[in-house]
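Participant: Given next are the chains, with one letter for each unit.
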Amino acid sequence: MIQFESVSLVQGAHHLTGITFEVPEGDYAVLMGPTGCGKTSVLELICGLRMPLSGKISLEGKDVTKLSPAARGIGYVPQDGALFPGLTVGEQVGFSLRVRKRPEEEIKARVILITDMLGITHLLNRRPEGLSGGERQRVALGRALAFGPRILCLDEPISALDEDLRADMCSLLKKVHAETGVTALHVTHSESEARELATLHLRFESGSIREVHSRSTKS
Amino acid sequence: MQPKDNKDRGFLLFLTLFAGLYVALIAGMLFADATYTTPGHLLEALKSEEIRYAAKLSLTTATITALLSVWFAIPIGYLLSRTNFTGKALVDGILDIPIVLPPMVIGLSLLILFQTSFGQAIESVLPVTYRIPSIIIAQFSVSCAFAIRTMRITFDQISERPEQVALTLGASRAQAFWRVTLPQAGAGALSAGLLAWARALGEFGPILVFSGATRMKTEVLPSTVFLELSTGNLEAAVAVSLLMVIAAITVLVFARAIGGRRSW
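Protein chains in written order, with our numbering: chain F, 3 to 221; chain X, 25 to 288.
Everything labelled a hint here was simulated from the structure, so no lab data went into it. Hints should not be assumed to be uniformly reliable.
Pairwise CB distance ranges, derived in the manner of DEER restraints [said to hold, decoys possible]:
no.	chain 1	residue 1	chain 2	residue 2	range
1	F	Arg212	X	Asp180	35 to 43 angstroms
2	X	Asp180	F	Asp65	44 to 52 angstroms
3	X	Phe109	F	Arg128	36 to 44 angstroms
4	X	Asp180	F	Ser70	21 to 29 angstroms
5	X	Lys31	F	Val214	53 to 61 angstroms
6	F	Arg104	X	Val269	24 to 32 angstroms
Backbone N, C-alpha and C define an ideal beta-carbon position, used for all residues, glycine too.
Next comes chain X alone, as it looks inside the complex (with noise of 0.2 angstroms):
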C-alpha cells in the first residue's frame, strides 16, 4: 500500500461510489429476486413438468451453443487478429451486426431467412423454423459474435514472437497455431464459451420470433419468464428467473475454479 493524501483519498471515493453504486444495483435486483419467492415456489417450478423440460431445453442448448460459438469463435477471432486482407473491415463490421441488432429483429431475419429457396432446401433435410434447432440457431446467431470479440482480443493480446519464432523452427502456420498459440489462449476460450452460454442461455427475443414459446416442444426458461408472467403468474416467474440466476453463477464459478487452477 502506498501513503495516500487527501486529494487521493477524495479521487478512490469518486471511483468507489460508482463501483459501489453498480454494485448495490445488481445485488439488489438479485435480493429481490431471492426475497420475493420463497423455497417453496422454487421448488413448486421444479416439480412442474413444463419447467422442467424448459430448464432441459436451455441448458441443452445454451451447452450446445456455446460449444459451436467457441468452435467458430476461434478461427475466425485468430484470423483477424493475425491477417490482413481486402474487406478486413468489412468483415469485422458484419459480425458485430449481431451485437447491435435488436433481438427481436435477428429473430425476424432468420424466419425470412428461413423461407427463401435457400432456407427451404434446408427445412426439407432439417425441419429449423418452431423446432428446436431453431433454438440453437437464433442462440448462436448472437452468442457467436461475442464470442468471436473475445477470442479475437485473446489472440491480439498474445505476443506474436514465440509463433513466429515457431516459424522459424520449420513449423508451419498450422503448427504454430496448435502447438504455440492454441495453448496460450485457454483462458480467452473459456471466457469465450462462458459469454456465449450465458449469452444464449438468457436470449429470447430471437427465438420467441423465430421459435415460438410453444410448451413442452420450443419453451426455454425465458419464455417460461414471458408465460408466466403474461398469465399473471409472478410468482412462478421469479422462480425460474432465480433458477437462471444460480445456473448462471453455478457456471461462473465452476470456470473461474478451472481458470485459477490450471496455469493457462
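Bound conformation, chain F alone (with noise of 0.2 angstroms):
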C-alpha cells in the first residue's frame, strides 16, 4: 500500500501542498496528469529520491518519510530505463541481489527466472548499447523486480515505445502485475494504457490527486 498524507513538495517555481491519496495494497494504479504538474516527482518522493517539505509517505503502513531509498525496497523504473552503462543485462537484472550480498547460485537463478518471465534471456550477455527501446525497457523492469519489490513505481515505461511495442508491454506489464501481485503506480500520459492496466485511475490535477475510477482488486 502506498499512502500519502498531506504531502507539501517543491514542484518547478511552485510550491505543492497537502496531496493526499491512497493506493490499496496489490492494485495497480495509473497516474495522469499535465506535463509538469508533478507526476514524476510524486514517485520521486515515494521512492526517497527527494524530501517532501512536510506530510507524511507511508508503504505498507511504516512510515517512510525519511528512511534512504535503499531502505524503501521499491522497484523502480525511470522514464528512458536508465540502464547502466557498461554492465551486461544480466549484470543488471542480478544489480540488487549483488549489493545484498547474495549467493551467486542464488542470484543466477533468480535473474534467469526473471529475464524468463519478461522475455529477454537471450540478451543476458548484451550490453546497454544496441538495445532496441521495448528490450530497454524490459531489462529496467527486471532489473527493479528482481528483489522481489512490494510496490513497483513506473514512470512512462511505455510512452517511448511504437505502437506495437506498446501493447505486447502493457500485456507484459499485466502479467507482471498477475504474478507477482506487487502493488504499482504507473505515471502516464496515455488514456488508453489507463484502460488497459489500471484498476486505479488517479488524476493530478490544480495540485491535487483525485481518484477517477476505481476497479481496486482488494475493495
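Please assemble the complex out of the two chains, which come individually in their own frames, going by the hints.
Facilitator: Structure representation (C-alpha cells):
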C-alpha cells in the first residue's frame, strides 16, 4: 500500500501542498496529469529520491518519509530505463541482489527466472548500447523486479515505444502484476494505457491527486 | 552532407578562416622548432647528463602529479557535481584560484607557506623546499585545479538517473558511485590525468621560485630551457623544447588510442 498524507513539495517554481492519496495493496494505479504537474516528483518522493517539505509517506503501513531510497525496497523503472552503461543485462538484473550480497547461485537462478518471465533471456550477455527501446524497458523492469519489491513505480515506461511494442509491453505489465501481486504506481499520458492496466485511475490536477475510477482488486 | 547555398558557404569560410589561423599558428610554432634544430642537436641534448636527469625528473614528477591530481579530482569533482552544501560557492571559487593566479605568485606563496610553523613542522619530517618534493607540490598546486574542473564537467555530463536507480535497488551512495557512476567517468579521468600531466610537465614559474633550478638536483625540462637560454645556448634550448613537444604529443596519441579502443 502507498499512502500520502498532506505531502508538500517544491515543483519547479511552485510549492504543491496537501497531496493526499492512497493506492491499496495489490492495486495497479495509473497516475495521469498535465506535463510538469509533478507526476515524476510523486514517484521520486515514494522512492526517497527527494524529500517532502512536510507530510507523511507510508508504504505497507510503515512511515518511510525519512528513510533512504535503499531502505524502502521499491522497484523503480524511470522514463528512459536509465540502464547502467557498461553492465550486461544479466549484471543489471542481478544488481540489487549483488549489493545485498546474496549467494551467486541464488542470483543466477533469480536472474534466469525474471528474464524468462520478461522474455529477455537471450539478451543476458548484451550491454545496454544497441538494445532496442522495448528491450531496454524490459531490462529496466527486470532490474526493478529482481529483489522482489512489494511496490513498483513506473515512470512512463511505454510512452517512447512504437504502437506494436506498446501493446506487448502492456500485456507484459499485466502479466507481471498478476504473477507478482506487486502494488504498482504507473505514471503516463496515455488514456489507453490507463484503460488497459489501471485497477485504480488517479489524476493529478490543480495540485491535488484525485481518484477518477477504481476497479480495485482489494475492495 | 547537406546542400549549401552561397550564404552558408560564406559562413563556413568565416569559421574555417579562424580555425585555420589558429591551427596554422600552432603548426608554425612546431615547424619553426623542428627546423631550427637538427637531429644532431637533439642527440647532443640527449647525451648531456644534466638534460637526461632533467628529463627523467620531469617525466617522473609529472606522472606522480597527474596520478595525485586525478586521485583528488575524482572525489572533489563528484562532490561539487552531485551535492549542495553551505559555502559551496566559496569552495568552488577557491578551487579556481590556482588557475587564475600568476605562476610566480603560486611559487612564492608555497615558499612562504613552508616558512610558517605548519610548513616547518612538515620540513622537519620531510625536507621539501628546494628539494624534489617541492617540484611535485608546485606542479600539483596548479595541475589539480585543472583536473578538478575536468572531473566536475565529466560528472555533470553523466546522468544522475542510473545512480538514483542504483540507490532504489539497495545500493549505498558509495556503491552507486563505484559501480555505476565511476565506470562512466573513465574517459573524463583520462582527460583530467592527461591535462594534469601536460600542465605539470610544462610548469616552470612555481618550480623556479619554490624548488630553484639547481642542476642535477631540482632541474626539470622547463628549467633547462630557461638555463640554456640564459647562457645563450639557443640550440640546446630548442632541442629540449622539442623533446617536451614529442613527449606531450606521444602521451596525447597514446591516451587517444586507449580512449578509442575502450568503450568508456
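Participant: Do Arg104/F and Val269/X keep their Cβ atoms within the hinted range of 24 to 32 angstroms?
Facilitator: violated (54 angstroms)
Participant: Return holds or violated for the Cβ distance of Arg212/F and Asp180/X against the range 35 to 43 angstroms.
Facilitator: holds (38 angstroms)
Participant: Does the Cβ-Cβ separation between Asp180/X and Ser70/F fall within 21 to 29 angstroms?
Facilitator: Taking Cβ atoms as reference, Asp180/X and Ser70/F lie about 24 angstroms apart, which means the hint holds.
Participant: Does the beta carbon distance between Lys31/X and Val214/F stay inside 53 to 61 angstroms, or does it fall outside?
Facilitator: Hint holds: Cβ distance 54 angstroms, inside 53 to 61 angstroms.
Participant: Tell me if the beta carbons of Asp180/X and Asp65/F are separated by a distance inside 44 to 52 angstroms.
Facilitator: violated (35 angstroms)
Participant: At the C-beta level, are Phe109/X and Arg128/F separated by a distance inside 36 to 44 angstroms?
Facilitator: Distance hint for Phe109/X, Arg128/F holds at roughly 40 angstroms.
Violated hints, in rising order: 2, 6; the structure is consistent with all others.
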